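S.K.: If you read the sequences in order, they're chains P and D. At position 253 of the first sequence the residue is numbered 1707 (the working numbering), and the sequence of numbers has no breaks. At position 155 of the second sequence the residue is numbered 641 (the working numbering), and the sequence of numbers has no breaks.
It is possible that some hints are incorrect.
Simulated crosslink set (BS3-like; lysine-lysine; CA at most 25 Å straight-line) [stated by the list, open to error]:
id, chain 1, residue 1, chain 2, residue 2
1, P, 1572, P, 1492
2, D, 773, D, 707
3, D, 529, P, 1572
4, P, 1761, P, 1881
5, P, 1575, P, 1495
6, P, 1809, P, 1799
7, P, 1492, P, 1727
8, P, 1697, P, 1711
9, P, 1845, P, 1727
10, P, 1671, P, 1492
11, P, 1732, P, 1754
12, P, 1750, P, 1736
13, P, 1663, P, 1804
14, D, 595, P, 1506
15, P, 1761, P, 1714
16, P, 1663, P, 1845
17, D, 814, P, 1506
18, P, 1881, P, 1663
19, D, 529, P, 1506
20, D, 773, P, 1881
21, P, 1754, P, 1697
22, P, 1711, P, 1575
23, P, 1502, P, 1663
24, D, 707, P, 1502
25, D, 814, P, 1572
26, P, 1711, P, 1761
27, D, 814, P, 1502
28, D, 773, P, 1536
29, D, 740, P, 1575
30, P, 1881, P, 1671
In short, the hints are calculated from the structure, not lab data. Note that this is a predicted model, so its numbers are computed, not measured.
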Amino acid sequence: MDDFLAARSQMALSLGFHIIFSCIGMVMPFFMAVSHYKWLKTNDEVYKNLTKAWSKGVAIFFATGAVSGTMLSFELGLLWPKFMEHAGPIFGMPFSLEGTAFFIEAIALGFFLYGWDKLNKWFHWFTGMVVGVSGLASGILVVAANSWMNSPAGFDFVNGQYLHVDPIQAMFNKAWFSQALHMCLAAFTATGFAVAGVHALMILRNQNKHFHLQAFKIAAVFACIGALLQPLSGDISAKDVAKRQPAKLAAMEALYKTEKPAPLLIGGIVNEKDQTVKGAIKIPGALSFLAHGDFKAEVKGLDQIPKDQQPPVAVTHYAFQIMVGIGTLLALISLVYFIHLIRKKALLEKRWLLKLFVLAIPLGYVALEAGWIVTEVGRQPWIIYGIMRTKDAVTPMPGIAYSFYIFSAIYFSLSVIVTFLLYRQIKMVPVLYNNPISETPNH
Amino acid sequence: MEYVVITFLCLGILLYFLLGGADFGAGIIELFTSTKNRSRTRKTMYQAIGPVWEANHMWLIIAIVILFVGFPHIYTTMSVYLHIPLLIMLIGIIARGTAFVFRHYDAIKDDMQWLYNRIFRYSSFITPLFLGIIAGSVISGHIDTEANDFLSAYIWSWLNWFSVSVGLFTVALCGFLAAIYLIGETEDVHDQRRFIQKAEYMNIAAVIFGAMVFIAAQLDKIPLMDWVFKNPVGLTAIILASLSLVLLWYLLIKGKTQILRVLAGFQVTMILVAISYAHFPNFIRLKNGDAISLFETIGPQKTIYSLGLALLLGSILILPFLGYLFYKFKKKEE
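Chain P on its own, in the form it takes in the complex (with noise of 0.2 Å):
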């Protein structure tokens, strides 16, 4: 494996695990906070139970996500030093206040761990808000640093040389705001059904039905109205790299060509080398309406792009699909549940809408990460778009392929020992909290 390969495949694998992580870091706080106002409101044993068991899920994403963040913010220089010594003074300022965020959900994060009949019980409960707050602007932070990378901004850059830097420009840059909603909308879908999803097939095996009952209807919420808002935020996402990255939108869509009015391909079997797809269903003038709002607009081609600063086509393309693919099948799923909570249905009764639940809890995961592919592999082959390429970036020292596999073994058993504990904490919800009485106290 060649070192910039191997550079390139650590930097993904490190950001795709983090990314999970702490995506269920910022999010499940939220849904603590609901079941803990209703624990302190209505006084049912069941909400405080919730609360606890999900908090100890919340403690070992949060562990891991930490970790493999401080590992990522050393990776940044290990891998792209040179990336680093331009872009840092420019493109650090949402890190820095990200580490104040972080920085005060950890602290957040020990009062309501350990706070439990130990703190004033609204200030407990706000502590939690806190986490869950905090966590949230972090994560709006970091995508705020990586849409400088896609539409960089705060600098002149002069023969070479960067100059005239202004980091709050940079972190305002046209990117942000799209990147940022479309992120967090993402955030709350993808955790929102993975935990609907557990809870519904506890439903589904008869255990601890009022528990699990309860878990499922605060997740589902929050996943519903995520991922009926997702298509709007798409499309605002759409339009702006429309506009930005042309390339980027090219290969989301494999248009080798341009057209004017452009179809909307979906699906489909894409040739790099005869720049052909196959097999794709075409929605004449939809691309066109999608990327410029308007039916008849022109959209550039590759044909316009120079051959050497093409992003690869096939992966984004892919990628671009089956986030889509995925993102409407949770939309529909959405509906329908809103429509049985509208009507007053029971749940319990709908097991083909649980069994809808359990089929999702991979999905939304499954279309974030491929959104990041297409942010990214569609960037390339730049690191800042227009200004530094990845290859140029690259540390000078050889080897990394042996730092690629030690780092896919180690968060390959990191996965794999997270998922073991949450099947085991799952596993003992009936013992932990079946009887209040017999409960442990704390933790």
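Could you slot chain D onto chain P? The hints should help.
M.R.: Just chain D now, with coordinates in the frame of chain P:
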């Protein structure tokens, strides 16, 4: 504003060394505790560092963010030439952080605990060892930016007697900090006596490894003696550190835990000051005799200004909250 940023950088490094160091030390103490006492040590340790342990490790993130935003040249030089020790340290951080949480949050306590404990103990040793190696390498003058071969660019930069001695010295200091800290965390007289004993052993280890650092510095022609003994600040700091050591041993016998903690923290701070003050603001010493200075490689003005502002605002939010966390969970329960 650059002074604000540099102050925060030093503060971040110092606090990570003290708080994170005590954290690592707790694992080191566990490593050197006989099997029959381990579960007791573990319990005391969990009560002691459980609520604050995530916060303790945030200081590293603060320091690293300041480095890459404000001093990118220093950050990237370290990233390139100290790639391997940084990587090992990171693996240690990952292994340690996850093992600590996993062993507590595994709903079923069975043989898996054995695995978590093993990982936790060894990574508690390896992480500060490499942290020390990195710190030693930065000032050792072994980093060679003109090297042409793999070994001198990426291996000898950190694999040398001086760096390794500093690494071992760091491990001993972490163990010492943790032992002192843990004495005050237990009511049990037997446990207290065990921790006092551990503190003594770690102190002796620190003195031995400290001597090793000086010998290695002499052999490697690193002007450590000059930094410490020929500079008034360095000399004062080392005298204060030695005096506090005497006082510390006295108090150890008397069992005054709160003052002990402050004193141990003070002592380690003085050691850091003694080693680093004389060549401040130089941060990295290079093989060809040049040095990378904090002031000369500082980032663009607007960046430093907003970074300093962010740090000041951040500390207004963080410090009271953090103080309350320590207060709430660290005050003695009646």
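S.K.: If a hint holds in the structure, say so; if it does not, say that too.
M.R.: Going down the list of hints, with the structure as the test:
{"no.": "1", "hint": "P:1572 to P:1492", "verdict": "holds, 19 Å"}
{"no.": "2", "hint": "D:773 to D:707", "verdict": "holds, 11 Å"}
{"no.": "3", "hint": "D:529 to P:1572", "verdict": "holds, 19 Å"}
{"no.": "4", "hint": "P:1761 to P:1881", "verdict": "violated, 54 Å"}
{"no.": "5", "hint": "P:1575 to P:1495", "verdict": "holds, 11 Å"}
{"no.": "6", "hint": "P:1809 to P:1799", "verdict": "holds, 16 Å"}
{"no.": "7", "hint": "P:1492 to P:1727", "verdict": "violated, 59 Å"}
{"no.": "8", "hint": "P:1697 to P:1711", "verdict": "holds, 17 Å"}
{"no.": "9", "hint": "P:1845 to P:1727", "verdict": "holds, 22 Å"}
{"no.": "10", "hint": "P:1671 to P:1492", "verdict": "holds, 13 Å"}
{"no.": "11", "hint": "P:1732 to P:1754", "verdict": "holds, 20 Å"}
{"no.": "12", "hint": "P:1750 to P:1736", "verdict": "holds, 15 Å"}
{"no.": "13", "hint": "P:1663 to P:1804", "verdict": "holds, 14 Å"}
{"no.": "14", "hint": "D:595 to P:1506", "verdict": "holds, 18 Å"}
{"no.": "15", "hint": "P:1761 to P:1714", "verdict": "holds, 22 Å"}
{"no.": "16", "hint": "P:1663 to P:1845", "verdict": "violated, 54 Å"}
{"no.": "17", "hint": "D:814 to P:1506", "verdict": "holds, 20 Å"}
{"no.": "18", "hint": "P:1881 to P:1663", "verdict": "holds, 14 Å"}
{"no.": "19", "hint": "D:529 to P:1506", "verdict": "holds, 21 Å"}
{"no.": "20", "hint": "D:773 to P:1881", "verdict": "violated, 58 Å"}
{"no.": "21", "hint": "P:1754 to P:1697", "verdict": "holds, 10 Å"}
{"no.": "22", "hint": "P:1711 to P:1575", "verdict": "violated, 62 Å"}
{"no.": "23", "hint": "P:1502 to P:1663", "verdict": "holds, 16 Å"}
{"no.": "24", "hint": "D:707 to P:1502", "verdict": "violated, 63 Å"}
{"no.": "25", "hint": "D:814 to P:1572", "verdict": "holds, 9 Å"}
{"no.": "26", "hint": "P:1711 to P:1761", "verdict": "holds, 13 Å"}
{"no.": "27", "hint": "D:814 to P:1502", "verdict": "holds, 22 Å"}
{"no.": "28", "hint": "D:773 to P:1536", "verdict": "holds, 21 Å"}
{"no.": "29", "hint": "D:740 to P:1575", "verdict": "violated, 40 Å"}
{"no.": "30", "hint": "P:1881 to P:1671", "verdict": "holds, 20 Å"}
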